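Chains as they are written, first to last, in my numbering: chain A, 1 to 618; chain B, 1 to 177; chain C, 1 to 100.
Bear in mind the hints are in silico, worked out from the structure with no lab data behind them.
Among the clues, some could well be false.
With a Cα cut of at most 20 Å, we get these calculated EDC-like pairs of lysine to aspartate or glutamate [what the hints assert, rightly or not]:
# : chain 1 : residue 1 : chain 2 : residue 2
1 : B       : K139      : C       : D55
2 : A       : K598      : C       : D93
3 : B       : K25       : C       : D91
4 : A       : K369      : A       : E435
5 : A       : K598      : C       : D55
6 : A       : K587      : C       : D93
7 : B       : K90       : A       : D595
On a predicted model such as this, the values are computed, not experimentally measured, just so you know.
These are the residues of each chain, in order.
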Amino acid sequence: MEKYLYIALFAPLIGSLFASLFTAKKKNIITGIVTSLLLAVSFVSSFMLLLEVHENGALHVKMMDWIVAGNLQLPFGFVVDNVSVIMMVTVTLVSTVVHVYSIGYMAHDEGFNRFFAWLSAFVFSMLILVMSDNFVGLFIGWEGVGLCSWGLIGFWYKKHSASWAANEAFIMNRVADLGMLMGLFLIYWQFGTFSYDYVFSHIAQANPVIVTTIGAFLFIGAMGKSAQFPFHTWLADAMEGPTPVSALIHAATMVTAGVYLVIRASELYSLIPNIGYIIASLGAFVAVFAASMALVNRDLKRIIAYSTLSQLGYMFVAAGLGAYWIALFHLMTHAFFKSLLFLGAGNVMHAMDDELDIKKMGGLYDSMKVTAILMSVASVALCGIYPFAGFFSKDMILAAAFNEGAYFLWFALFIGAGMTAFYSFRLVMLVFFGEKVHKKLGFHPHETYPFVLWALLPLGILSIVAGFFEHSFEEFTTELLSKYELHLSHSVEMMLILATSSIAIGGVLFAIYKYRNGGFSKEIEKSGVYKLLINQYYIPDFYKKAVLEPYYALSKFAWKQIDVKVIDFSVDLIAKVLYSSGEKSRKMQSGNLSDMLKWMVVGIVVLLALAIFYRPVM
Amino acid sequence: MFEVIAFYMFSALVIGMFGIVVMSKNALYAMSALAGGMIFISGFFFLLDAEFLGVVQIVVYTGAVMALYAFGMMFFDTTRDVKEDIRYEKIVYTLSFLSAIFILFIFLAPIYSTKVQAIYPSIEGLGNIQTLGLILFTKYLVQFELAAIMLLVAMIAGIVLVSKKMELKPDDEKEIL
Amino acid sequence: MLTLTHYLILSAILFSIGILGVIRRKNLLMLFFSTEILLNAVNIGFVAVSKFYGDLSGQIFSFFIIAVAASEVAVGLGLLVLWYKRSGSIDLDSIMMMKG
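Isolated chain A (complex conformation) (with noise of 0.2 Å):
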């Protein structure tokens, strides 16, 4: 069974090494195809790794030590258990089908053997973060899916603004991970180990304050990869990179890496419910604050980018509140329709010569059939309607904030379930329905090739279905995981699900409503909370001006005062002394003779002194 576990890790890495032979070289569909199947063969491995743990259990593996340093031992290990296998299925799943997209979307790009170099290796990182079983494992992995991030974000790096954008994910990203540092040296300091199994066994008598900051820190650096507030400017602003790119990473993936870490250290956060609610709060903010600002953006793939921000704070408000099982759910459901939506909205990109205002589409139902109807089968399981996969995890979360007693909470996701459903809609309508605002541009769209739709069949047909498989995957996960009681009553249930569906839908009827007849009139646009919605509540000006800047103004102070005038000034200073004493005694070679035995005479009188006044004792 071991063979599986190294055939899922390394077949991303030999796919990527295997790609990035090729970098420099002209599109060889080559590579696309090798590191789809090696994808594959990975996602096949990690079914039978799901079979064989449902059956027998978790697989424990040590590959090697990498450092043993006095009391410091670290090795390579990795575990599969309930929760990893599911992300590792998760993640295989969706890297396939966006690798074979990929094949298809990257076909006119210079960089085609480079992006699938990058994208392998983003897997390959994400795998070792999932399947570690020592914090350290995990650091490794969520650098390097940082570090791919960034080299896919800013694929296109001859563009400014996507060099800009990989460099903000990858600050941002490095800031929180201060936060995560700190929180495993503080691991460190008390178990004198970064393995799970040791800390999760001991948690219970360690400090309680120590257990507390330890939490609070190892969120923090969550915090960034998920992109909560204040660290969630970069997720809109990387959509500048592909749009496979944003599938992968930005829906499915590295963004769920923070809700992993939360999942994997539940036993640690089920102790601290105080930090716990603090994350709940957090995730339900961002869960309206985001949906908020995606009810008027403009973008295409922007939109979807606040979605994916908003749903994340669904997870963490499920996971904050101690139903782990059920954020691993949200999780899962997530990522099939999420990156459903961007792969359909990257046709509609690819159709449209790359156009992301939403404003100048319209009507292309006609032209890409099958996109439009995944595109909408994605967005109704987003919105969380019945029997599709969304309606099953958002319920569960729905329910999970009211049995807490936080209804605050409750009412903020709830606000934020009908607002999603109206922004989904709202994407829908203006994208493929309604006035064909594109044929006055000149734009003329045609579906994509049929590879890449078949492709997209198996996310669409997971998003109808995945929600069946609730009462498994709780059975499943809740062997490892806390079991999460809901002490409602029936009728209570009842009620909370006929409210939120109504909710949804009739959000999804507004839109269809509104969006049918021309939309909103352009008064709106003047209205204050126009304004402070399209500009992301000015947020990113305000990190601009009050961090940015200084920071700028600081690094750049280092550079001329300190570095230049200090530290140059004092290296070049003994080079010049050099030089100098060299060009003054360049005038002892006079090419005189008797200068020079002048000099020589000098020698042997300095020698002579030293004999007599400072011969060693005799």
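Starting from the known structure of chain A, arrange chains B and C on it as the hints suggest.
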């Protein structure tokens, strides 16, 4: 007694002669003074029971070396005074004075021990020349031969440097016949 | 009574006279003369030490010094004459070809 007088007399003469060599403006005077100094130095050698060396000094140094210098002088104009433009005069005299003082200091201080073992002691009964010959041709044979080679090389070098007509082949065999 | 010190002092004085000549003289030929003085001073030293320790090595050494000095004069004078023929002057200040 006799030795002491001889020593002081010879020393005064030698120092005077070499002083003239160093300070004189006239090249001929300098050369003559050098020759004189060499002869007086050989006097020292005789005082020190190194008769062979004393004779060699006169023959080789005064005879050969000074004759070479004399021949060399023929090339240069010796009627004019040697014009010398001494720069840094003070430094020159200071330096030599200092070096003299230091060396004297070293020699005056009792830095030599009396327990030195002689490696090649002189043998009773034999004169200086016999002893020298004995040691030279047995213990110092290799150096002797090397010195011979060196002299040969110097001679060839001297000839090659000055002669101009080396390229001429002896095609004047006809002349000989 | 004469001791080794006397001879050594004499050798030292002659040596410093030689050094004075070496650094003072600007005429190349005079420079050679001063070099000869140096060699002779050293010779006296060696022979004196040899006499006062009863070891003949000093005299052998002196012997070789004389041989070397002779060959040095031969070659040196040859070069000197050539140089004079080429540049017409044997004043040290005019020979600045090795100016660094």
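To see whether the hints hold, each was checked on the structure:
1. B/K139 - C/D55: Holds - the C-alpha atoms of C/D55 and B/K139 are around 13 Å apart, at most 20 Å.
2. A/K598 - C/D93: 13 Å, holds
3. B/K25 - C/D91: Satisfied, since the Cα-Cα distance of roughly 13 Å is no more than 20 Å.
4. A/K369 - A/E435: Since the Cα atoms of A/K369 and A/E435 sit roughly 16 Å apart, the hinted pair holds (cutoff 20 Å).
5. A/K598 - C/D55: 36 Å, violated
6. A/K587 - C/D93: Distance ~15 Å between A/K587 and C/D93 Cα, so the pair holds.
7. B/K90 - A/D595: Measuring from Cα to Cα gives roughly 14 Å; hence the hint holds.
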